[in-house]
Amino acid sequence: GAGVSQSPSNKVTEKGKDVELRCDPISGHTALYWYRQSLGQGLEFLIYFQGNSAPDKSGLPSDRFSAERTGGSVSTLTIQRTQQEDSAVYLCASSSQLTGTDTQYFGPGTRLTVL
Amino acid sequence: GQNIDQPTEMTATEGAIVQINCTYQTSGFNGLFWYQQHAGEAPTFLSYNVLDGLEEKGRFSSFLSRSKGYSYLLLKELQMKDSASYLCAVRFLHTGFQKLVFGTGTRLLVSP
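So the sequence lines, in the order shown, correspond to chains A and B. With the working numbering, you'll find the first sequence wraps up at 115, consecutive numbering, no jumps. With the working numbering, you'll find the second sequence wraps up at 1112, consecutive numbering, no jumps.
For the record, the hints were derived by calculation from the structure and aren't laboratory data. Certain hints may be false.
[What the hints assert, rightly or not] Taking lysine-lysine and the DSS-like style, the derived pairs with C-alpha atoms no more than 30 Å apart in a straight line are:
{"#": "1", "chain 1": "B", "residue 1": "K1068", "chain 2": "A", "residue 2": "K11"}
{"#": "2", "chain 1": "B", "residue 1": "K1068", "chain 2": "B", "residue 2": "K1099"}
{"#": "3", "chain 1": "A", "residue 1": "K57", "chain 2": "B", "residue 2": "K1099"}
{"#": "4", "chain 1": "B", "residue 1": "K1057", "chain 2": "B", "residue 2": "K1068"}
{"#": "5", "chain 1": "A", "residue 1": "K11", "chain 2": "B", "residue 2": "K1099"}
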């Protein structure tokens, strides 16, 4: 695709429910990243995929968070038993490691609100 | 650990020049990025420096000094649309993989 897309753009859920956030990276980009941005905070790294494998999951805040990537393309971030502190904007980025700069390009994000 | 510092907020007037500084402490440094983020939108890539010196791209320039752990983003001929947050991000090698760490961003307000 022309850019990174994410869905849904907004998600409101009740505490304790599970949510799934989707990311569709730029076509051909092998690397995919998930970040979280809370109000007034910097981007917090969550997880990195190279192809379908996740060599770096060090940023996942708890075992309620998981992510997968299939076919080297679409990725899903799942948050189980959501808590109010999970409310944030979840951003996905992708990059092509064929270029020297390996610049990450971001999607529009999913704004998650946990009531 | 990795640490990135940038001012929280800056103000400037239309047509002026503003310099946004970023200092960092990191091991395995492998490049510094600047992103622009308008409120409610995704960060967009502005510039990349991996060697010392100045990179110019239109109204925007970015400078890097690796020995000082210092970078700045220079915006010339400011326009109202330049009001946004500017994120400094450092790439470093972590357990064999490239990783990007972001500063908290500098909110720039451009007034008429």
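Status of the hints after comparison with the structure:
no. : hint                : result
1   : B:K1068 <-> A:K11   : 43 Å, violated
2   : B:K1068 <-> B:K1099 : 21 Å, holds
3   : A:K57 <-> B:K1099   : 12 Å, holds
4   : B:K1057 <-> B:K1068 : 23 Å, holds
5   : A:K11 <-> B:K1099   : 28 Å, holds
Against the hints set out earlier in the document, a violation occurs for number 1 only.
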